[in-house]
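We have chain U already, so just place chain R on it with the hints.
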Amino acid sequence: MALFEAKNVSKQYGDQLALDNVSIAVPEQSIYGLLGPNGAGKTTLIRIINQITGPDSGELFLNGKKLKPEDVLLIGYLPEERGLYKKMKVGEQALYFAQLKGLTRTEAMKRLKYWFNKLEITDWWGKKVEELSKGMAQKVQFIITVLHEPKLLIFDEPFTGFDPVNTKIIKNEILFLRKKGATIIFSTHNMESVEELCDNITLIDKAKTILEGSVDEIRNKWAANEYDLVFKGEVKIDGNGHYNILNSKFENNKSTIRLKTTGDIKTNDILLTAMKSGNVVSFNPALPSMNEIFIRVVGASN
Amino acid sequence: MNKISVIIKREYVTRVRKKSFIIMTILAPLLMAAIIIVPTVLMMNDKGDLKKIAVIEEKSDLFKGVIKNTKEAEFVYLENTSTEDLTSKFEAAGYYGVLIIYPEIINTPNAIDLISKKQPPIGLLEHIERSLEKDIEKQKLAAYNLGNLDEIMKTIQTNVSVQTKKLDETGTVKKTSTGISMALAYIFGFLMYMLVFIFGTQVMRGVIEEKTSRVVEVIISSVKPIQLMMGKIIGIALVGLTQFLIWVILTAAITTSVKSVISDKSGITKMTQTIPQNLMEGNQVVADNVRTDNMSPELSEFSRLFDSAMNQPWLLIIFCFIFYFITGYLLYASVFAAIGSAVDNETETQQFMLPVTVPIIIGLMVAMGTMQNPDSPVAFWCSMIPLTSPIVMMARIPFGVPFWQIGISMLLMVVTFIGFVWMAAKIYRTGILMYGKKTSWKEMWKWLRYSG
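In order, the protein sequence lines correspond to chains U and R. The opening residue of the first sequence carries number 10 in my numbering; numbering runs sequentially from there. The opening residue of the second sequence carries number 745 in my numbering; numbering runs sequentially from there.
Please note that a few of the clues may not be correct.
[What the hints assert, rightly or not] Derived DSSO-like pairs (lysine-lysine); straight-line CA-CA distance at most 30 Å: (1) R:753 / U:160; (2) U:188 / U:74; (3) U:122 / R:753; (4) U:74 / U:122.
Treat the hints as calculated values from the structure; they're not laboratory data.
The shape of chain U in the complex, shown without the other chains (with noise of 0.2 Å):
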């Protein structure tokens, strides 16, 4: 069931329509990715989920229910831009906007000494936010997000300004975060990380949704019979009328070999045939990533 969805949302800011009939439907406890060019309407998009502008037309529906002013407790948003008062302190700002999310003093307090110890920035409490580094204010900004434990979670490039040892903490968490319930859209330019944590995605280029579906599904259909053969030593084998040989290269004593099916053939037929030829150290279905889904389909649309 979706825990969150979207029906033919229009919006239009003047004369520049920024979001055309979009609808997304986001299961619960998935991770949905909400991909697209800059200025493609995914922060208007996200925005209208937030309810700090509301849609021209279409619906909103939160846990089958239509989306109501008092649901933004149930909701956790991290800005692109991130921000924070600069000369206040952590830790009192922490509990300020906990306190705004709907939590008493002294239940925020629990709660962010839990996430702080968690994320090992204790320390950080009477520093003022101008003290921080950019990757330390991204931290707190976090812990603020997730804070209020929300059911709907909304991260928006969640790992920009962090090295990779701490995107990888934040990976974890967002994971960590799912398995305990929450569902979370995720809007990011970074295709690995789509590849890696997405469930589902919308792709929406100049305020239309262009692409929508599972990952798995998407990059199998855009696989198109592609294969990756890799052997032990040199080794060539040539097309035939099955398959064709779109590359082939060797290198650190392995030769690697992408074929595209042609015609009706079994898996099995090729990887027998391959095994005349040479020793098979792998044999996979040749995915492409998302990354070159997106330039493809965005670059189509264009």
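Here is chain R on its own, set in the frame of chain U:
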């Protein structure tokens, strides 16, 4: 609502804890107290500077003892001293100057010289002139051979002082003082201007800070923009009131304590002791409504001022002040919030500030003019128009304003301020999420018509 109170609390606490706030709150009363105390101290020191003046008459002794000593000057009547002798060495003899009176003075008023090294103060000259004028008049009258001249002089002595009285709506006559009304008008008008302007711009700065640091997006995903806006406006108003209260209390405390220390050390005690006595007599006057012509001139002047201060419609003034402060502040602060939301940094505010500043300045100028003529058409209309009425009406009230005028002005004020807050909230809601665009008035007009 609970969330607004969380916002108000943050706005209040972060501002009150700032070093600049604490310093200003402590320094300003010290300055105010200094302004009050320094002149007092200077005046006291002035007293020690007694000027000794030698008085010489050429070939006569008509005015011996006529010029009485004052606090500032002592007059020493010298006989058998030649003018030339003294003019050359009066300073060495300890005199401030030499006053030479020629016998022709009876008919030629300028037959008198005051020789000194410094320019003598005007008060000293007036004292000399008045004393001599009276004596010469008396001497001339004496030439008519009237009996008991001294008695006649006493009875004809008059001191005219116009008593202003105001007829209020109930027909009661009250003594008033234009001076007090003017002072009140000035104080209230200026206070309104200061409060509205200082705290209004603080609201604007706060909004810009939130916008540039991008905090605003996080906040309005939790609360409605209007809650954030009103929370900020109210929080800052409370900061203003806190500061104001501390100023009043500290200034009063410092002034009274320093004054008591000073007066203990010097002879001023006598002076301060006479004041309560005067106050009591003044009260008597209020109660009995007796004419004060049998009192000494200073005392009657004092009781008149006191009388008129007591007769000000204080309840009305305080009520109106609170009303106009709240509505005026809300009106201007919401406009300032809208401006803050429309720009990316403070330098861009200039083009929007001017149209907001102009009505305030006009209000202040009309308020100052009000003191000359409180019922002029300009003053009347400006006390009706909501953008200037908080300042101008406050300046008019001490002079007496019919209730229907106050009523209409307040009604207009309420309607306008609700309209302004509503419009400002709409502009604010759109503006805080707009970046990198140079905002124009036209743009803001468009935002007004955006739907939720």
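Consistency of the hints with the structure:
For the given pair, residue 753 (chain R) sits about 28 Å from residue 160 (chain U) by alpha-carbon distance, which is consistent with the 30 Å threshold. Using a Cα cut-off of 30 Å, the hinted pair residue 188 (chain U) and residue 74 (chain U) holds, with the two alpha carbons roughly 24 Å apart. Between residue 122 (chain U) and residue 753 (chain R), the direct Cα distance comes to roughly 23 Å. Compliance with the 30 Å bound is thereby established for this hinted pair. The straight-line distance between the Cα atoms of residue 74 (chain U) and residue 122 (chain U) is roughly 34 Å, outside the 30 Å bound, and the hint therefore fails.
The structure is inconsistent with hint 4 alone, although it conforms to all the rest.
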